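Asker: Protein chains in written order, with my numbering: chain A, 1 to 502; chain D, 1 to 671; chain F, 1 to 103; chain U, 1 to 205.
There could be a bad hint or two in this list.
As a list, the in silico DMTMM-like pairs of lysine to aspartate or glutamate whose alpha-carbon atoms are at most 25 Å apart [as the list claims (entries may be wrong)]: (1) 172(U) to 33(A); (2) 182(D) to 446(A); (3) 172(U) to 31(A); (4) 182(D) to 33(A); (5) 429(D) to 518(D); (6) 269(A) to 327(A); (7) 172(U) to 34(A); (8) 182(D) to 133(D); (9) 393(D) to 518(D); (10) 182(D) to 380(D); (11) 182(D) to 381(D); (12) 393(D) to 465(D); (13) 269(A) to 3(A); (14) 393(D) to 383(D); (15) 50(D) to 465(D); (16) 182(D) to 368(A); (17) 393(D) to 381(D); (18) 471(D) to 383(D); (19) 471(D) to 381(D); (20) 393(D) to 502(D); (21) 182(D) to 295(A); (22) 471(D) to 133(D); (23) 393(D) to 566(D); (24) 50(D) to 33(A).
Covered by chain U, according to a simulated footprint, are these stretches of chain F (three or more residues, beta-carbon under 8 Å) [unchecked claim]: (25) 6 to 19; (26) 37 to 49; (27) 54 to 67; (28) 78 to 92.
Don't read these hints as lab results, they were simulated from the structure.
Since we're looking at a predicted model, the values are computed, not measured.
Beta carbons are placed, not taken as given, at the ideal position from N, Cα and C, and that holds for glycine.
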Amino acid sequence: MTETDLVAISPLIFVIALAMLIIVADIIWPDRDDISTGLTVAGLLVGAGLTVLVAQSEAREIFAGAYVVDPLTSFLDVLFLAIALVTVLVAPDYLRPRGLPMAEFTATLLFAISGAMLISGSRDLLVLFLGLELLVLPGYMLAGYAKRDGYSTEGAIKYFLLGSFSSAIFLFGLALTWGFTGTTRIREVAASLAQLDTASALAPALLMGLALLTTGVAFKIAAVPFHYWTPDAYQGSPTPVTGYLSVGPKVAAFALILRLFVEALAPIKADWTPVVIVLAAITMTLGNLVALTQDNVKRMLAYSSIAHTGYIMVGLAAYAGAPVGSEAERAGLEGLLFYSVAYAFMNLGAFAIVSALQHRRGVTSQIETFAGLGRRAPWAAILMTLFLLSLTGIPPTAGFFAKAYVVLAAVQAGGWVSVLAVIAVLNAAAAAFYYLRVVVFMFMRDPPETARPVLTGTMMRAGLAITAVMTIFIGLVPPVTSGVIEFARVAAEVLLVRTAGG
Amino acid sequence: MSGFLLTAAETETPVAAAGATDMLLVTLLVALPLAGFALTALLGRRLYTKAWVIAVPVMIVTWLIGLYVIAQALGGAYGEEGLHFTLYRWIPAGDFTVDAGFLVDGLTAALLIVVTTVGMLVHVYSIGYMAHEPGRWRFFAYLNLFMFSMLLLVLADNFLVLFAAWELVGLCSYLLIGYWYKRRSAALAAKKAFIVNRVGDVGFGLGIMAIWTTVGTLNFHEVFEALPEAGLEPWMITGIALLLFAGAVGKSAQFPLHVWLPDAMEGPTPVSALIHAATMVNAGVYLVARTSPIFAQSPFAMLVVASIGIFTAILAASIAMTQTDIKRVLAYSTLSQLGYMFAALGVGAYFAAIFHLMTHGFFKGLLFLGSGSVIHAVHEEQDMNRMGGLWRKIPITHITMLIGSIAISGIPFFAGFFSKDEILGESFKLGFGWVWFIGVVVAVMTAFYMFRLMGKTFYGPSHVDPHVADKIHESPPTMTIPLILLAIPSMFLGVAIGWPPEGGLIHQWLGPVFHEAEELLGHELEPYAIFGIDGFLLGASVAVAIVGMVMAWRYFGFRVPLLGAEVQPRARRVEVLTERFRGWYDASFHKWWFDDLNHLLFVRIGGAVAAALWWFDVNIVDGAVNGVARLTQGTGREIRQIQTGRVQNYALGIAIGLLVVAVSYLVVTPR
Amino acid sequence: MSGSLQSYLILSALLFAIGTFGFLARRNAIAMLMSIELMLNAVNLSIVAFGAFIPALRGDAAIIALMVMAVAAAEATVGLAIVIAIYRNSRTPLVDEYDRMRQ
Amino acid sequence: MSLPETVPFLGWAWDDLLFLFFAGALLGTGLMVVIGRNIIRSGLWMICCFGALAGLYVLLGAPLIAAAQVLIYIGAISVLVLFAVMLTQSKSGPVGLVFHHQAWAGALAALGIGILVAVVVAGTAWPLAETARTPSPTEELALLLFRDYVLPLEVVSVLLLAAVIGGVFLAKREREPEETIVPAEPARERMPAPAPAVGTRELTP
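Just chain A, with the same shape it has in the complex (with noise of 0.2 Å):
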């Protein structure tokens, strides 16, 4: 360990102590969300600034060689710094009507950054599992926050049991990799697996490890069939929470599934490629199917964030059926990215507009509590119009450009990747269905009798301009798309010319 070590992963430092001082400033002056909230919002951005001084650096291997401060690195934590801000600026609209404190709120959020952002540099398998416990241990707490609400802890003990099991069988997998190639640095995994005979066939130790390995992650990102949990976790969590799991744990894990499939496993990915072709492609079809059914908005946005799983999935399988070194292998994981980016902003808004709704405690996420949003509160209905659209994949919304880069990837790659595209096309024509009628229940329906103003702070406000003009500039504005996507490619070539490099 080396100064130059400490300085690199300084933003990692930071985020871990915040949380820190965050507890401690608890102690000092107890229930005081306001201290908690401003210390967290401050440090957030401060974070997000340090994270961008660290990138402009040389990328270095740092701690023996187990992380990596690459573009990637940057790419990935810029992006959890600010799911992170925006999940806190919504939620104390929601936990406060419900005497819910901030304090141990954001303290375990950050908690779950930290486990993101380690994910994302991570250059060891070791640190690879450990960086995904840290995400998802304060992920289950999230999810059973609102402990004297039955939904939220039912929601939370299937998320712990379930993602422990797959933890388990993940930790399997990564054992039997281990012992394969006998060594936990990524660079020597993928060393020693593109030494093996790519003729013969491989070992079936080292199958059953990846085998196991896919399930694991293939859970994480709730592809299904190991999307299970995910409709119950997100319809009972607290709704800002709900936001977050949707994004952050989803784009951590595809971030592992970069670091461990894309960087490590690469040299026998044409073993893996079929598996992410089927299961791309029934977790796009089967997640818009039941969306279609839903009735409580939350469970249907929970639905749709396994569809949109698999759309992302279109992207690693343009990476993986492209052919080694060809530019669809690149233009697949920039897809990749991009549209984790453009879901991130698009999902967080979804979920923000309903928890504001539900500032008030009772109010359910059902979709009558919808009902005549357009003449109840206006700005509400136009921008939970505009995710929506933008989730649906409507041109000029940063949704569609997400949708087109990954179809476009897939295309390129050609073979059975292509016939993902069209299954891709074809869901999100579907998708259109669900998703706009939400949209009818705002404009075309009458608010019910019941139906009490909508409140919102002015964090909430902030937090939804984030969300919203995101999704707006990332679609309309030609710097902010370029921008993205430019340090998607870099982000992406980073990976690549290291995994042709050997």
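Fit chains D, F and U to the known structure of chain A by using the hints.
Answerer: Chains D, F and U in isolation, oriented as in the chain A frame:
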């Protein structure tokens, strides 16, 4: 920001006259309605009864700017290629770059004439029509948003912007059809329109993707230049063309995706006039015309376009003859006329198609607004069996609708005559005799059902509810003035731009646009011969129009405007048709022939076919659309059963998933 | 027998299967948690076995095994806290009765 | 006195006998954990299971891990689990309702996974493995821990901290919050107080 704003495309140098002013004005053309939408949406509720004070003036200014741009474009100020400039680089991602660019050429200008004029008049009309509607700010906001989208659609210079606008007009149409959402039928109709359109959009989207992957650009001009040189297999060109056509079929409501348009009449009548008659439904025709260089490379795709077009024309016309809801007659009529346009596009008569699009936009807009005025007068009654004798009470509506009906029926020298005759004549001369023949049959039906509509509504004894009858009065000036203003082009537009045949203004305007497609098709037209084949074709179509019209008079009554003579309707005549017609037409062969044909067509076969087609439409096509929706939802409902809520079930699912994945790695896909 | 890597790995696989069975079959949340502990221990056994038979992994294995234990402890803490919280709400530790959210 | 080279009568190496003993104990106790009807007994069986595992670790030449196993698992985790069992079993906890009705399917799936993994690990020629065991030296371990694995070490401490903070929050009993005094809203999203009877279900919200 200014760095990438308003830069003329480097590849093409617009002539000097098209300076920054023109670019600014074209940009304003889309920016103003958008601003109008934003302002109305934000301030709407405070404007209260005067919800229109922003939307309508904005539209009038837009119209004036539109007139200037149209004059410039058609006056040749923008050169043969048209004004083409890039607002900004929309998607700047390596090889996937798309510019938000505008293109104003003859075709765009032709569309602009219809879109801005009808749009402006419908806005004015809505002031009166929606006067008693609470919450009408919503209506005006949507209307402005629609105008923005539609103008963006016709001004786009590449497929992606076009697609964005395509989706936006669909969304606006959806919002406006469901405007009276408390009516369940309206909400259902809106949903149906959206779903059916999405089916077409999937095709359109795939077509755009196919274009991008084959030629690597989405700009219209670049695509048209690159496609013939890309060395594509013929089936690929056909595939791209048919995918694009799928989008057009959805938006323009052609068979088999036509089911949404009649239901869309649940929306307020100004919406029906603007979106579902004059503008949005034309987008499909515009798309096929705009991409004519692609279609021209595939004879098969052309054949498909022509067949679907002419089949929709006769299908819709036959149905229109039996409807009693005034707006539904007009809706089927719109389908039928759009079918004509596609038939024209399919045979390669591009000028005729756009010409008919323009004339139809005006006279169908007029007819719809007129029907709105009628509905208004008889207190929201749409059933023609409960109208009649209205001509005395609402004279302006009557006269203007009569003009519209004459125009659509193809009576010389009203607008529809020129455009319809050009479609039929060119079909025949280009060797599509069957298209011509069916087209002529449709012309008879058109004249018949339009004057049936006129007769049932305006002439003969009144069947209006006695309580309402006393209160019938002419609509306010905000409604009648647009009617009068639309009646003028319905009368004179044809002769103004369509005469002399094949040398009229419309040919000069659109010549450069369709030059490439015409060359690809290799069409060589004989010079127009009024005393030869053209005279015969013209005579034939006029004759059938008159026959249809006269028959309708006989059955449903008429009042000859200047002479003041009245033909009494004969309600029982349909039942005793055979004998009467035999006696009437015995004298001459032709008359006998028509007698027989009419008998056959309208009484026996016509009735049966119309009934069968109606049945087919309601049960099979409609049923299929609903069935797909039901099937999808049903599947979803089945699948959601696996979400039992029990952790053990979920865990078992994961364990089985793990086994399947492991077996697939170890057994199914080993190296 | 005791001198071959395979026998330890097979043992580990069997223990993993026992844990899996417990997780799939038991109704009690804490019993499920115990099953997960068994699974983690099975993995640990294979890790330590790798360390014993693969010279390159000698040191790594011990550290990884320690880390996995720590993770297991953290997981148990969180899991038991959640179990206690839900028990306060619904007065039953039987997980399959927590099925108010489904489909 | 020294032991004979091999196990008398059987001719096995002593290590093999120990392995068989611990392996048998491990699987037997493990099975008891998952099929035991009484959850408290299951917890006790789990402690035995962990003990057997510690024995195996010693056999594998990793006494440090064995010690940690005893300290962490038996000393901490098991006790934690037993406490939780006591906390949640006092009032209800019908002993008869141990298994889910789909247990047979679970058994099949677990058997499948177990056999598959066992066959696979047995059938693999581990490329780096040697036939002889090498004991892990403790000093080297310390060096590794603070050089190559310093990041994981730090992360684990953060992980434990996070778990403790969250665990305390979730498990701590709140004073009755004041909102119960405020007139209650129609609480569709909140759990009704009484526990549903076994086998009954409520409608999905």
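Asker: All hints, please: hold or fail.
Answerer: Results of checking the hints against the structure:
1. Distance restraint check for residue 172(U) and residue 33(A): the Cα-Cα separation of roughly 19 Å lies within the 25 Å cut-off, and the hinted pair is therefore satisfied.
2. Distance check on the hinted pair: residue 182(D) and residue 446(A) sit about 8 Å apart at the alpha-carbon level, within 25 Å; holds.
3. Using a Cα cut-off of 25 Å, the hinted pair residue 172(U) and residue 31(A) holds, with the two alpha carbons roughly 16 Å apart.
4. At most 25 Å may separate the alpha-carbon atoms for a hinted pair to count; residue 182(D) and residue 33(A) exceed this at roughly 44 Å.
5. A C-alpha spacing of about 15 Å is found between residue 429(D) and residue 518(D), which places the hinted pair at or below 25 Å, so the restraint holds.
6. Proximity of residue 269(A) to residue 327(A) is assessed by CA-CA distance (about 16 Å); at most 25 Å being required, the pair is judged to hold.
7. At most 25 Å may separate the alpha-carbon atoms for a hinted pair to count; residue 172(U) and residue 34(A) meet this at roughly 23 Å.
8. Between residue 182(D) and residue 133(D) the alpha-carbon distance is near 13 Å, which keeps this suggested pair within the 25 Å criterion.
9. A distance of roughly 51 Å separates the Cα atoms of residue 393(D) and residue 518(D); the hinted pair therefore is violated under the 25 Å criterion.
10. Straight-line distance between C-alpha atoms of residue 182(D) and residue 380(D) comes to about 16 Å, which keeps the hinted pair within the 25 Å bound.
11. Between residue 182(D) and residue 381(D), the direct Cα distance comes to roughly 18 Å. Compliance with the 25 Å bound is thereby established for this hinted pair.
12. For a cut-off of 25 Å, the pair hint linking residue 393(D) to residue 465(D) stands: about 14 Å separates their Cα positions.
13. For the hint linking residue 269(A) to residue 3(A), the alpha-carbon distance of about 37 Å lies beyond 25 Å, and the restraint is violated.
14. Simply put, residue 393(D) and residue 383(D) have alpha-carbon atoms about 18 Å apart, close enough for the 25 Å limit, and the pair holds.
15. Taking the CA atoms of residue 50(D) and residue 465(D), the gap is near 32 Å; set against the 25 Å cutoff, the hint is violated.
16. Distance restraint check for residue 182(D) and residue 368(A): the Cα-Cα separation of roughly 15 Å lies within the 25 Å cut-off, and the hinted pair is therefore satisfied.
17. Restraint check for residue 393(D) and residue 381(D): the C-alpha separation of about 16 Å stays at or below 25 Å, so the hint holds.
18. Only pairs whose Cα atoms come within 25 Å are accepted, and residue 471(D) paired with residue 383(D) is accepted, the gap being roughly 18 Å.
19. Proposed proximity of residue 471(D) and residue 381(D) is supported: the alpha carbons are some 13 Å apart, at most 25 Å.
20. For the proposed pair residue 393(D) and residue 502(D), the alpha carbon gap of about 42 Å is over 25 Å, so the pair is violated.
21. Pair hint residue 182(D) plus residue 295(A) holds up; C-alpha atoms about 20 Å apart against a cutoff of 25 Å.
22. Our distance criterion of 25 Å between C-alpha atoms is met by residue 471(D) and residue 133(D), whose separation comes to about 19 Å.
23. For a cut-off of 25 Å, the pair hint linking residue 393(D) to residue 566(D) stands: about 16 Å separates their Cα positions.
24. Proposed proximity of residue 50(D) and residue 33(A) is contradicted: the alpha carbons are some 46 Å apart, above 25 Å.
25. Proximity of the region 6 to 19 of chain F to chain U, defined as three or more residues with a beta carbon under 8 Å from a beta carbon of that chain, is established by the 14 residues found.
26. Coverage of the region 37 to 49 of chain F by chain U holds in this model, with 8 residues showing a Cβ closer than 8 Å to a Cβ of that chain against a need of three.
27. Counting residues of the region 54 to 67 of chain F whose beta carbon lies closer than 8 Å to any beta carbon of chain U gives 13, which reaches the threshold of three, so the coverage claim holds.
28. Closer than 8 Å: that is the beta-carbon criterion, and the region 78 to 92 of chain F has 13 residues meeting it against chain U, so the requirement of 3 holds.
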